[in-house]
Structure formats: structure tokens, C-alpha cells
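These protein sequence lines are chains E and S, in that order. To convert, note that position 278 of the first sequence is 288 in our numbering; the numbers rise steadily by one, no gaps. To convert, note that position 45 of the second sequence is 81 in our numbering; the numbers rise steadily by one, no gaps.
Rather than coming from a laboratory, the hints here were simulated on the basis of the structure.
Pair ranges (Cβ atoms, derived): (1) S:GLN86 with E:GLN400: 19 to 27 Å; (2) S:LYS119 with E:ARG547: 49 to 57 Å; (3) E:LYS590 with S:GLN87: 31 to 39 Å; (4) S:LYS48 with E:LYS354: 57 to 65 Å; (5) S:ASN89 with E:GLN400: 12 to 20 Å; (6) S:LYS120 with E:HIS512: 32 to 40 Å.
Which chain S residues face chain E? A few, computed with CB under 8 Å, are given here: (7) LEU67; (8) LEU74; (9) LYS77; (10) CYS92; (11) ARG95; (12) GLU102; (13) ILE103; (14) ALA106; (15) GLN107; (16) LYS110; (17) VAL114.
Each residue gets a CB set at the ideal place from its N, CA and C atoms; glycine is no exception.
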Amino acid sequence: MHKAFLLLVIPLLSYGFWLSEEFKGIAAGVSIFLFGMLSLEQGFKAFTGGALERILQKTTNTSWKSFGFGFLSAALMQSSGLVSIITISFLSAGLLDLVTGIGIIFGSNLGTTTGAWLIAGLGLKVNIATYAMPLLVFGVLGIFQSSKHLKGAGYLLTGLGFLLLGIHYMKESFEHFEATINLANYAMPGIKGLLIYTAIGTLATIIMQSSHATMLLTITAVSVHQINYDNAMALVIGANIGTTITAIIASFGANIQGKRLAGSHLLINLLTGIIVLLFIKPFGNAVDIISASLGIAASDHAMKLATFHSLFNLAGVIIFFPFINQQVLLLESIFIEKRPAIFKPKYLDVSAMDFPETVVESVRLESIHLYENAIHIILHTFGLRKRDLQESDLLQQLIGQNSRPIEYDIDAVYERRIKGIYSAIIAFISQADFTWKMDQSSKLSWLRETNQHLVEAIKDTKHLQKNWTRFRTSNNQATINEYNKIAYQIALHIQQIENFRHEIESNELPLLSLDALKANIKNDDIQMNRAIETLIRERQITPETGSSLINDSAYMYSIKKNLLKAAETLFLHSGTSAAKIEQQLTLNEAEINEVVHTVDTPSMHQPDR
Amino acid sequence: MKTMKIEKLLHKLQAFFDTEKHRKMQHIQELKKVLLKLKKKERKITHVLQQANDDCLIRHYQTELEIIRAQRKKGIEVLHHLKKLKKS
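Please put together the full structure from these sequences, using the hints given.
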């Protein structure tokens with residue numbers, strides 16, 4: 011909350027407390043209720059060490075499934091805000107697409123309406139304070155436990171207890187309020203009333219950041235006839251629009267996809283609100299008919315309000331759900347992804363910080379983003395593009411053809427394509443790993459190392475570039491050939507890593523392929539040095555050029571090794587049972603050296619045809 | 037009463053050993069699958085090697101073939117060891 015706003019609110023509230031005992035009770039009820047919501051969120055977060063993320067990934071592969079997930083999670087957590095924050099963080103991390111994200115938002119819009127039924131059906135009819143007390147006692151007991159899950163359960167029970175207690179306080183205070191002042195006197199009929207009360211509902215929800223709190227105030231007030239039913243309906247519509255503020259705030263730190271989702275949430279709820287306001291009479295009639303068929307008394311405005319809340323959210327789903335793809339197109343045209351002058355992180359979202367597995371996945375995806383940029387730089391240094399890798403037969407030809415000096419400022423490209431992302435990853439990791447248990451911390455530490463390997467590879471490329479540019483225009487064909495060979499072998503290695511990525515996707519023993527890649531790096535190094543020695547001996551190149559070639563061959567070796575180490579961490583999933591079997595067959599350093607030696611023997615120099 | 041307890045214990049032990057046996061069998065089956073995949077890969081690389089006409093690529097394929105052979109050899113040794121364990 012903004013400090014200036016706080017300075018205004020505190021004296022106002024204090025004055026209100028001094029004026030009215032009942033107002034103090036209502037404000038305390040809202041505060042206890044909101045504190046309960048916070049506690050409930052805290053409790054759910056204790057269970058998000060991977061389980062929630064796994065469920066989300068498995069249960070959201072179709073629009074209807076994502077709708078179901080949104081409905082159930084919002085109904086269970088009683089917070090559409092928490093669901094939208096999780097969805098935005100997953101979307102930013104690239105774990106969900108926009109269509110799935112919008113599906114979840116539709117589901118959570120409907121799922122959150124169960125809260126109104128709980129308040130109207132249970133909260134106002136039963137003395138819920140009697141249930142709140144034991145929940146609070148057991149909850150606090152749980153909070154004091156050292157086990158993470160027991161602590162989480164404790165927060166859940168305490169949250170629930172405070173929710174019920176908050177409802178009780180408000181109910182009591184409104185009943186006493188009735189004796190002194192009647193808010194119904196401020197009722198506004200007609201369109202003006204509808205619009206003003208919708209605006210009040212929106213504003214109240216934005217301030218309290220909880221549509222549940224607004225719903226609770228409205229339902230309690232309408233149940234004791236402090237506001238009239240028509241104005242209460244407008245307040246509920248307003249609450250539904252105001253609730254999108256949570257997603258909007260969460261999207262500030264999110265990438266373009268997160269912003270699109272928040273935009274979609276606002277669009278859906280705003281348009282639904284407008285439609286309901288336009289057809290308020292037919293909606294009112296439909297609520298009367300449905301309520302009567304459910305056995306709700308015509309005078310039971312609290313229950314009718316809960317019916318209205320569910321009905322108009324259902325209407326929103328029916329009207330807009332079939333047009334998800336069109337919405338995506340619209341949002342993509344509104345929120346356009348700009349090609350950055352300086353590349354920025356795509357997947358690091360501060361809102362994901364509370365979900366350890368998501369943080370690890372975000373950092374992994376961002377590191378892949380960095381890997382792609384590193385590959386781009388390395389290939390461009392040698393006058394190649396990634397698409398050239400598809401034609402392996404032409405690679406050598408492409409490198410040989412281009413005899414012009416290649417002007418490529420690696421320092422400038424590093425600043426543009428690497429530095430921003432790299433420093434963001436490092437900052438993100440250091441921000442995250444202080445508070446976490448070992449499992450995620452060690453994964454993050456590997457990913458940090460991976461990023462260092464990528465940066466090392468670029469630095470080696472920069473060193474190599476100096477002589478590569480200088481000697482490619484040399485008059486000595488043998489020198490040109492050797493430098494072309496260096497470029498070719500690096501490009502070939504990158505291509506083989508790309509093949510390795512495909513092998514992971516098609517599960518073609520990727521772990522075992524790594525051994526061949528490692529052996530090839532060693533073998534290439536031996537062959538390269540041997541060839542250079544021969545050229546010096548045969549006086550085809552000067553010893554000075556030879557020493558430069560030996561240094562540059564070492565840079566090539568380092569580039570390949572660093573890229574392979576990065577690829578191993580970024581692309582390989584080692585947890586599966588097949589991977590464990592593969593692990594048993596992988597070769598150790600000595601075994602790989604033995605194979606390299608076998609291939610290197612003179613008899614093997616000629617291909618076995 | 038005592039006989040009942042011993043019987044129950046024996047049942048539990050048997051179930052435990054059955055699970056262990058099942059686990060070993062599963063391990064053997066999975067290993068066989070990996071070895072088969074390696075064999076197929078070896079054939080594929082041999083074929084590609086015959087088509088290759090670039091020195092560097094030829095050397096890479098030869099290295100890959102030798103690596104696969106070493107991995108298969110290692111796998112067959114592990115398989116024999118597992119089969120022996122299963123019999124004992």
C-alpha cells in the first residue's frame with residue numbers, strides 16, 4: 011500500500027473507531043478475514059514444493075482441463091488471487107501457454123463463487139465462531155511444529171479459523187449497527203445506483219485486494235437489510251471487476267505472457283460486468299427462478315446474492331470461453347513483444363519466488379535462452395547462422411566460401427545479448443537460494459555453473475576470433491585450412507549438441523550419446539595438435555603461426571567442453587528409471603580415453619568401408 | 037497364537053522377497069531394452085559411416101561406434117552379473 015494512502019487511511023479509520031463501536035467491529039472483522047486469507051495462502055504455499063507444479067502441468071493440457079483445474083483450485087483455496095498469481099508465474103516461466111492460462115482464469119472465476127455460498131449458506135446461518143475456536147487452537151499447534159507439512163496444515167486451519175471468526179465479527183457488528191444507523195437510507199435506485207455501487211464494489215476490492223472480503227461485507231450487510239438487494243448486486247459486479255487487480259499487480263513483474271493473462275482477466279471480468287449491468291433485470295428474474303427452484307426463500311437476499319454471483323460468472327464463461335483463441339489473438343495484438351535493443355530475461359518472474367520448483371524451471375528455461383544467444387554469437391563469429399547447421403554437408407563449404415574478413419564485435423553483442431540475461435539469472439538465483447532446502451538449492455547451483463560455462467565459451471570465442479580474422483586472409487593456404495577446420499569443428503559440435511537435444515525428446519539413449527561427444531572432443535584435440543605439429547615439421551607453416559594455432563586449438567577445446575557441460579545440465583533429465591539404467595553403462599574418463607586411443611591407432615585412420 | 041504370528045511373519049518375508057525378485061527382473065528387462073537400442077544405434081552409425089566422405093565426420097562416427105561397443109560390452113557384463121544374482 012502506498013505510504014501517502016496509508017497516512018490518509020489510518021487517521022480516517024481511527025476517527026471512525028472513535029465515532030462508532032460497530033464500525034470498529036466491522037473493520038476488525040474484515041481485518042481478521044483478510045488475515046485468515048493470508049494464513050490460508052501461507053498454508054498452501056507450504057505444499058507447493060513441487061507437488062502443485064506437477065499437478066498443474068499434468069492437469070492442464072486441454073482448455074477444459076485447465077478450466078476444471080482453475081475451478082477446483084479456486085474453490086479449494088478460496089482465493090482466485092492466489093490462483094491467478096500461480097498461473098501468471100507459470101506462464102512467465104513458460105510452463106503454460108496463454109490458452110491454458112485463460113482457461114484457468116475462467117475456471118477460477120467460477121470456482122471463487124463458492125465462497126459466496128459458504129458465507130451466505132454457512133457463515134450467516136450457523137454460529138460459526140464456535141467452529142473457529144478449535145480450528146485456531148489446532149492450527150496454532152500445527153504452526154509450532156518443525157515439519158514443513160504440519161506447519162502448512164497449521165496455517166490452513168488457522169486461516170480457516172480466522173475466516174470464520176472474521177465473518178462472525180462482521181455479522182455481530184452489522185446487527186448492532188442496524189440499531190444505530192441504517193445504510194439502507196443511502197440506497198440509490200436506477201441506473202445511477204447501479205453504476206455508483208459497481209464503482210464502490212470495484213474500489214473496495216482494489217483496496218482490500220480481496221473480492222471475498224467485499225462479498226462478505228455485501229452479503230452480511232444485505233442479510234441485515236443495511237443495503238438493498240439491487241445495490242448489493244451492483245457491489246458484487248464491482249467486486250468481480252476489482253478482483254482482477256491481484257493479477258494486474260502480479261503481472262508488473264511478469265513477462266509479456268503474464269501481462270497478456272492479466273489483460274485477459276480484466277477483459278473477461280469487465281465485459282461480463284458490462285453485460286450483466288446491461289441485462290440486470292433478466293438476470294434478476296433468472297436468479298429469482300433459480301433460487302425458487304433451489305428452495306431459497308424470496309426474502310433470503312444473502313443466498314440470492316450468492317446465486318447471482320455464480321450465475322453471472324457462469325454467463326461470463328458461457329459467453330467468452332468458446333472464444334479463447336480469438337482472445338489470445340486480440341491480446342497478442344495489444345501486448346506486442348518488442349525485439350529488444352538489449353536482450354532481457356524472458357522467464358524470470360519474481361512472483362514465482364514462492365514456488366521452488368517453478369523457480370528452478372524458470373532459471374533452466376532462462377539459461378536455455380542464454381544458451382541460444384551464446385550459440386548465436388559463436389556461430390556468427392564464424393559467419394554462420396543456426397539454420398546453416400541443418401545442412402551438415404554444406405557447413406564446411408559455407409565456412410570455406412566466406413573468405414572476406416567477418417566484422418563482428420563480440421563485446422558489443424555480449425553486452426546486448428548476454429550480460430543482461432546473465433546478470434538477471436545470477437541475481438534471481440542469489441535472491442532465491444537463501445531460503446530454500448537443499449534439493450532446489452543444488453539444482454540452482456548447477457544452473458549457475460552452467461551459465462558460467464556459457465560465458466566462458468563466449469570469452470574463448472572472443473580470444474579465438476582475433477587470430478581467426480587475422481589468419482583467414484593469410485596467403486598461406488595451410489593456415490587458412492586449419493582455421494577453417496577449427497570453425498568447422500566448433501559448428502559441427504554445436505550441431506551434434508542439437509542432435510543430442512532431439513535424442514532427449516525421442517528418448518534415444520541421450521545419456522549414452524554424451525560419451526561419444528566427450529570422446530570426439532578429445533579426439534579432435536589430439537588430431538588437431540598432431541596436424542599442427544606435422545605442418546610445422548614440414549615447414550608448411552611457421553612455428554609462430556603454429557603456436558597461435560595450438561593456442562586457438564586449446565580455445566576450441568574449451569569452447570566445446572563448456573558448451574557440452576552446459577547442454578548436459580540444461581537438457582538432460584536424470585530422474586527417470588531409463589536414465590538410471592543408462593547411467594550404469596556410461597563410460598568413465600579412463601574408458602573414454604581408451605576408446606579415443608583405439609580410434610587413434612594408425613590402423614583405424616582409414617575408414618572401415 | 038504363536039504359530040499365527042510366525043505364519044504372518046513368513047508371509048511378510050515372502051512378499052518382501054517377491055518384491056525384490058520382481059525389482060531385479062524389471063531391472064534386467066530394462067537393461068535388455070537399452071542394449072537392444074544400442075545395437076540398433078550401432079547398426080545405424082555403421083550405415084551412416086559408410087555414406088560419410090568427410091574425414092572429420094568419419095572419425096566422429098568411428099569414435100561413436102567404438103563408444104557404443106564399449107557401452108554394450110559394459111552392459112552385457114552388468115546383465116550377466118544381474119542374472120547370476122537372480123539365480124543365487
